[in-house]
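Below, each chain spelled out in residue letters.
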Amino acid sequence: EAQVTQNPRYLITVTGKKLTVTCSQNMNHEYMSWYRQDPGLGLRQIYYSMNVEVTDKGDVPEGYKVSRKEKRNFPLILESPSPNQTSLYFCASSLGGYSNQPQHFGDGTRLSIL
Amino acid sequence: AQKVTQAQTEISVVEKEDVTLDCVYETRDTTYYLFWYKQPPSGELVFLIRRNSFDEQNEISGRYSWNFQKSTSSFNFTITASQVVDSAVYFCALSEAIFGNEKLTFGTGTRLTIIP
Chain A
1 EAQVTQNPRY LITVTGKKLT VTCSQNMNHE YMSWYRQDPG LGLRQIYYSM NVEVTDKGDV
61 PEGYKVSRKE KRNFPLILES PSPNQTSLYF CASSLGGYSN QPQHFGDGTR LSIL
Chain B
1 AQKVTQAQTE ISVVEKEDVT LDCVYETRDT TYYLFWYKQP PSGELVFLIR RNSFDEQNEI
61 SGRYSWNFQK STSSFNFTIT ASQVVDSAVY FCALSEAIFG NEKLTFGTGT RLTIIP
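Residue numbers (our numbering), protein chains in the order written: chain A, 1 to 114; chain B, 1 to 116.
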């Protein structure tokens, strides 16, 4: 089954404790992206990757890091999480190649930073 | 800069009524793509439709239909004979043909509640 898998689905942690949210897709997609969803703001892009080893900032990259060492994986790293990063996070993937095909989303990760 | 406005924050209708969700967008590009996504109470995002800026044909898929009008920069979504399973948050989104980044700019969503 074609899917984007995020882990964990839920996490409660404390300020300053490094965490990683994993994202994996099995569709051989070139393009991957992270979004955060906040009430009243919709979804906003954090980082994106056009292909392996090619990543760049989205609209709200502060406090986040990403890497793309393999085509299928695109982890989101919070080196020193703060309460304002409490949010619902989505990973997405699509074919890429400037085709703007529909993005497939993971089921989301709800992070609470205390 | 691109922007998507969904002015209706919440809508409630009785089951079997028709309902239209509005979406207005802003972009300076001539080539762009419009999307609708559904977010049911379980939280995942489900793709509904993609339209490119050169295709203004309306589309119908079962009880769902979409009206794309470039003259008013709108891409409205209508559900006919609504059902309880249609209860969800619906997002309209815009993507420009920018070099490499297929970023989706989302509206703030419309929460649709279908009352049985």
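Calculated directly from the structure, the hints in this document are not laboratory data. Do not take every clue at face value.
Computed cross-link-like contacts, SDA-like style, restricted to lysine to any residue with a CA-CA straight-line distance of at most 25 Å [stated by the list, open to error]:
no.	chain 1	residue 1	chain 2	residue 2
1	B	LYS38	A	ARG9
2	B	LYS38	A	GLY40
3	B	LYS38	B	PHE68
4	B	LYS38	A	SER112
5	A	LYS71	B	PHE68
6	B	LYS3	A	GLY97
7	A	LYS69	B	THR108
8	A	LYS57	B	PHE68
9	B	LYS38	A	VAL60
10	A	LYS71	B	PHE47
11	B	LYS3	A	LYS71
None of these values were measured; they are calculated from a predicted model.
Outcome of the hint check:
Note on B/LYS38 and A/ARG9: the hinted pairing holds, with a Cα-Cα distance of about 19 Å set against a maximum of 25 Å. Proposed proximity of B/LYS38 and A/GLY40 is supported: the alpha carbons are some 16 Å apart, at most 25 Å. Among the hinted pairs, B/LYS38 with B/PHE68 is consistent with the structure: their alpha-carbon atoms are about 18 Å apart, no more than 25 Å. At roughly 24 Å between alpha-carbon atoms, B/LYS38 and A/SER112 fall within 25 Å of each other, so this suggested pair holds.
Of the supplied pair hints, the one linking A/LYS71 and B/PHE68 is violated, its CA atoms being roughly 35 Å apart against a limit of 25 Å. Between the alpha carbons of B/LYS3 and A/GLY97 the distance comes to roughly 23 Å, so the proposed pair stays at or under 25 Å and holds. Distance check on the hinted pair: A/LYS69 and B/THR108 sit about 33 Å apart at the alpha-carbon level, beyond 25 Å; violated. Taking the CA atoms of A/LYS57 and B/PHE68, the gap is near 31 Å; set against the 25 Å cutoff, the hint is violated.
Proximity of B/LYS38 to A/VAL60 is assessed by CA-CA distance (about 23 Å); at most 25 Å being required, the pair is judged to hold. The hinted pair formed by A/LYS71 and B/PHE47 meets the criterion: a straight-line CA distance of about 22 Å does not exceed 25 Å. Proposed proximity of B/LYS3 and A/LYS71 is contradicted: the alpha carbons are some 30 Å apart, above 25 Å.
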